[in-house]
Amino acid sequence: GEDVEQSLFLSVREGDSSVINCTYTDSSSTYLYWYKQEPGAGLQLLTYIFSNMDMKQDQRLTVLLNKKDKHLSLRIADTQTGDSAIYFCAETLISGGSYIPTFGRGTSLIVHP
Amino acid sequence: NAGVTQTPKFRVLKTGQSMTLLCAQDMNHEYMYWYRQDPGMGLRLIHYSVGEGTTAKGEVPDGYNVSRLKKQNFLLGLESAAPSQTSVYFCASSYIPGELFFGEGSRLTVL
Numbered sequence: 001g002e003d004v005e006q007s008l009f010l011s012v013r014e015g016d017s018s019v020i021n022c023t024y025t026d027s028s029s030t031y032l033y034w035y036k037q038e039p040g041a042g043l044q045l046l047t048y049i050f051s052n053m054d055m056k057q058d059q060r061l062t063v064l065l066n067k068k069d070k071h072l073s074l075r076i077a078d079t080q081t082g083d084s085a086i087y088f089c090a091e092t093l094i095s096g097g098s099y100i101p102t103f104g105r106g107t108s109l110i111v112h113p
Numbered sequence: 001n002a003g004v005t006q007t008p009k010f011r012v013l014k015t016g017q018s019m020t021l022l023c024a025q026d027m028n029h030e031y032m033y034w035y036r037q038d039p040g041m042g043l044r045l046i047h048y049s050v051g052e053g054t055t056a057k058g059e060v061p062d063g064y065n066v067s068r069l070k071k072q073n074f075l076l077g078l079e080s081a082a083p084s085q086t087s088v089y090f091c092a093s094s095y096i097p098g099e100l101f102f103g104e105g106s107r108l109t110v111l
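Residue numbers (this note's numbering), protein chains in the order written: chain C, 1 to 113; chain G, 1 to 111.
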């Protein structure tokens, strides 16, 4: 998805916080999403945020949205080895009257002891 | 509740052969999607459907066809496979656009 940009890799130490960043292009996107993909599996919805919100917190996850800069971030507190996965940012674009989920290329999070 | 089921999970084809990937969902979702995932490319939308009997092209539709004859099934066909179609294919469904439920993927190798 060229419309959604993410850095490809992030390496953190266990117990530290991880911050995964994303920029998107469509200011009219109503919802923005974070998905997690573990090795050999499909994507799972991790969390989402409405475009009229600045922040959403869900246990160890914090999503920040800066609409002016079209910037979305996912913060994982107290990162664990089980958090190692690929994280995808996604927005929903409107094309031909249909809603099309569009994904970034994914950020591989590597958590080392 | 099985969610989204893809078959087959693995397949090896020779160039020029045809095959069909089947996606089945038991959540009564209107929207269904086929994506392919390649290293460094993320997920790219091949075709999608907004309801039974409807299909539309996504970002990379060439070389693929789809059908949605029943609401719960979304088929992806390759009429004449090419090595460039070697990929992992994911099917997804949703009730609300954006909140997708994914299958486990189908790994296709074209020799």
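Calculated from the structure, these hints are not laboratory results. Keep in mind the model is a prediction, meaning the values are calculated, not measured. Please note: incorrect hints may appear among the correct ones.
[To be verified] Stretches of chain G that chain C covers, calculated by requiring three or more beta carbons in the stretch to come under 8 Å of a beta carbon on chain C:
# : region
1 : 18-24
2 : 35-42
3 : 100-110
All residues carry an ideal CB built from backbone N, CA and C; glycine is no exception.
Indices of hints not satisfied (ascending)
1
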